[in-house]
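So the protein lines, in turn, are chains A and B.
Using the working numbering, the first residue of the first sequence is number 742, and each one after it goes up by one.
Using the working numbering, the first residue of the second sequence is number 76, and each one after it goes up by one.
No lab work stands behind these hints: they were computed from the structure.
This structure is a prediction, so every number in the text was calculated from the model and none was measured.
A few of these clues could be false.
Covered by chain B, per the in silico footprint, the following chain A stretches (three or more residues, Cβ under 8 angstroms) [as the list claims (entries may be wrong)]:
#, stretch
1, 772-784
2, 820-831
3, 855-866
4, 874-884
5, 904-916
6, 930-941
7, 994-1001
Label pairs and their computed distance ranges (CB to CB) [said to hold, decoys possible]:
#, chain 1, residue 1, chain 2, residue 2, range
8, B, T279, A, P866, 35 to 43 angstroms
9, B, P350, A, S900, 41 to 49 angstroms
10, A, S973, B, G249, 30 to 38 angstroms
11, B, N121, A, V783, 39 to 47 angstroms
12, A, V783, B, A93, 46 to 54 angstroms
Quick look at which bits of chain B chain A covers, simulated, 3 or more residues with Cβ under 8 angstroms [stated by the list, open to error]:
#, stretch
13, 115-125
14, 151-158
15, 207-218
16, 231-242
Positions of the beta carbon are idealized from the N, C-alpha and C atoms, including for glycine.
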Amino acid sequence: MTGSFGIEGAQFTIRNGTRLVSTTDGTLVCLLPDLVDLSGIVASWPDPANRDYAYAFHYRQDRNILATPDAYIQLNQCQVFFTRRPQEYLAEQVLVAAPAGADIFVGTVRLSRTTAPSHTWLGAPLTVLVKEGQWMPWSGSALLEAGLGIARAMHIKISGGNLVLQRQMSVSTPAGGYGSYGTIASPAADNIEGDEILYQTGPGIPAWTSTSAPYWKQSQRESATDSPVGPSDYEVHRNTGSDPCSTTDPTNYTSTYSVDVKGHFGRRS
Amino acid sequence: MASRLALPIVPRPRATGAWAFMADPSTGNIALYDEPSAAGAANDPNSARNAPLNNPAANLASLYWHIQLDNMEVLSDAVASVSHGTVAVAAAGPGNIAGTSIYDYSYTPVETVIATHSLGYLPMAYVAVGDDLITPGYIVQMNASGAARYVSAYVTTTQVILREWAQRGSLALGALAQDYRVLVIRQQPAANGNHRLIDWNESTGVLVMGEGRFDSSRRYLQVVPGGTPFGLALGRTLDLANGAVRFVAPDGTTYDPVPADTKLRFTNSSGLVTPLGDSMAYNGTFTGEPVIEVQAP
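In isolation and in its complexed conformation, chain B is listed as follows (with noise of 0.2 angstroms):
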């Protein structure tokens, strides 16, 4: 397996300042944050060492965690195993025009339903292939002769759907048993009026912060040092060169579907032979762009 371009898991440089956890109950703001400054009193939550607590967005760099901000949630995590069929082989070229390893693309999209939720509402949805999450156009599968096999996901308010398509080559891909791992992820819930900040059982040993908004019997997205994290990619997953595409998929591992041999040639009435063109393939240098590792411990 390539090699992933994660971003390290290393906690961002602590200022050298004061930090603070503080719960303001009149504006029911609880935040750990560095201060950005040193005016005003330590116990004023609205004072400017205190900004972070009650102007979050402003002060997004020196938050570490604010209950305003959503944890992304992980509401259902489940695997669904999907059967793909075979990819048949590409169409001839039209007249006049002769090749080799001549590729097209098919137009008869499948899909199939890989998980349902209750939310009533348009959720964010990650689908994972082994250790990355797919983007909107993966590859999943494919040949050497200028066949892939390419799935992307979207979202309704009942269901994650997961939508195949196919670059066909000058052979048949195979059919294709794949589990999908779909974490759908759950939107904040509001307060819930209980005017509890900070609620610590120590029978449970669950902690409820926020008026239920935070809740640690729930799962949230994150990476955990020692744990087996998906690739998220934040940057570009594919590039195109020499009119061919180069994925590069969150693991690392690069996919180069056009064939080599892949040139084309006018031909002519007078039936004589006509030299091929050079190599239709990929010709960058794209690589991949850094990833960050997330999972739901």
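Here chain A stands alone, though its shape is the one from the complex (with noise of 0.2 angstroms):
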């Protein structure tokens, strides 16, 4: 077996057989010897800034002429979908100086949530994707969380003569079906049937609802009237109504991490 070493020109060249081993006249991966050992990072996605709510409410009257006098069975029913409205987050946070001249960090990550969302989004969990508590080679970004409508991911790298850590996170457009639909004006002499979602500052993915109080409301009459009787006679659990459903939002999609972050700053001689 034959090799060589050689030096021309500040560049070295190692061969072994036909095998080029090393070189610097390329990409030659140096790394520090000291090791950078980050532990207990906290990383937070916040909850999305853009809360809001949309207000369901139906309403549904049978009328019976052949009583006397007439019957009316009114129904009302009220449900709130706690809502994000869209938004794009992104923060950055330094984790270290890179040394002068450094222009790759290899390294591994750790990471445990330890604060996670409260609710259900869009009846999922948002559950943490990559394996928690073990080391993973890093390179490039994670996809931490995601549901439909919501993403959050992390990214690691080099930036501005630092190691830096960025949080996104990003909520889709809203949900479509808002406004009013079928009948629910007053007054109305005969069956009638309709429903209106409302949002309150602006429309949203609905990220979580119950079908329980007081998120959800049913209530029901009969009234022996001949005159015509509509919504405005029985509308409680209209957002207006004397027993609204509530639209206290009791849901925080916060999530927080502690990360660990272990490698070595080098450079591509």
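Starting from the two chains in their separate frames, assemble the complex, guided by the hints.
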């Protein structure tokens, strides 16, 4: 077996047989011996800022004209969906300054979620997608949590002379279907049915709802009268009624992680 | 295949001043570097012009190679074949919400051991799919219905483990047989104490430096012209916009796993049809960030 070691023009080349083992005329990775060991970094993705709600009201009345007087059965129903309006979020935290001349960081990352969202998102939990509590060889980015219409990611890279951690979050365009449907106008003499879905400030993604009080309510009554009735006579659960569904948002989609980073800065020769 | 945003394989500009290759028996240091200044004697390892030799951390920009700097030895390089199962369709959306091309995530990850090692410590390891070194959340398979298979890797003191999870769409994602090439990186060994800083063996053609810390019979991660490199991401590999993710692999391939017709609407108790909202697909402009190309010749 033959080999060679040569230096020419501040480049060295080492060959072992026909194999080019090493050369500084290229991208030889040279890592500093000092270990970068960062533990307990707090990385938090806040509850999406644009909190809102969609107030759904359903009204139905059935008229029995064979009764004397007429009999009206009036149904009221409300349901509140807690929403998040569209949002793009990006924040950066400096982990450590890179040594002068360093242009690469080679390392592993371990993370654990310490605070989880309080509620499901569109019926599903925002579960951590990557492995928690184990060391992941890191390059680029990771998708940490995602659901229909929401995503959270973490990026680690050298930027501006520092090793930085970027936290990114995005909430999608709203669901459709806001507005009024059917008939909920008053007065009305016959069988009518209708819905309205109203937002507080703007439309959003319906992140969470419940079919239990105080976020869902339903009431019904029967009236004996020949006079036309309508929602204005019985809209207790409408958002303007005497007993509306609660619009106090119990959800908090904050996620906080403890992040550990180990590795070495280096330079490509 | 999309173009990779690879940083060029171009040596950094050589200084117009002198360069040096020097060994210092008193410290055991050996280095190849640009002299940062012309001050001091050329044969004095502690002169200002030779500062990179005995103070590499403070003179990184002047160094081409130094025995203290770990060159990332590839201890093992082997292919593991993994049989990935089918991914079921997404669950129906919650009551009072309907839509088209609804997707969700499978929260039953699958883990597979793809390499073992006996290093006794947590090593650096790279896992390659084709010409990409995977990131912690790499899409290895996708269809047009919103289904995508993600993989990432983690290391223990004895194993390299592949973890997969899925975004489920309106159509099932078929089974996949995929090869993963696993490179386990060994830390630079300690000096062996034989006091040989530069040891050239003419009969074997092997060069050993720094009391065994560098050995040309080993394989080191680097780019060698004419090879078949892997892309190693230095910057971001994914972006979020409109609640959706875009993943750009190191080879430049772009994945948008959320279909354009993913849309939601409220339903109502009257059963009247309501209009869908706008598309929930990714609507950003991310095209990837630079990578470097590495291999172990």
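Against the structure, the hints:
no.	hint	verdict
1	772-784	holds (count 4)
2	820-831	holds (count 4)
3	855-866	holds (count 4)
4	874-884	holds (count 10)
5	904-916	holds (count 9)
6	930-941	holds (count 4)
7	994-1001	violated (count 0)
8	T279/B to P866/A: 35 to 43 angstroms	violated, 60 angstroms
9	P350/B to S900/A: 41 to 49 angstroms	holds, 42 angstroms
10	S973/A to G249/B: 30 to 38 angstroms	violated, 57 angstroms
11	N121/B to V783/A: 39 to 47 angstroms	holds, 44 angstroms
12	V783/A to A93/B: 46 to 54 angstroms	holds, 48 angstroms
13	115-125	violated (count 0)
14	151-158	violated (count 0)
15	207-218	holds (count 4)
16	231-242	holds (count 5)
Comparing the model with each earlier hint shows violations of hints 7, 8, 10, 13, 14; every other hint is respected.
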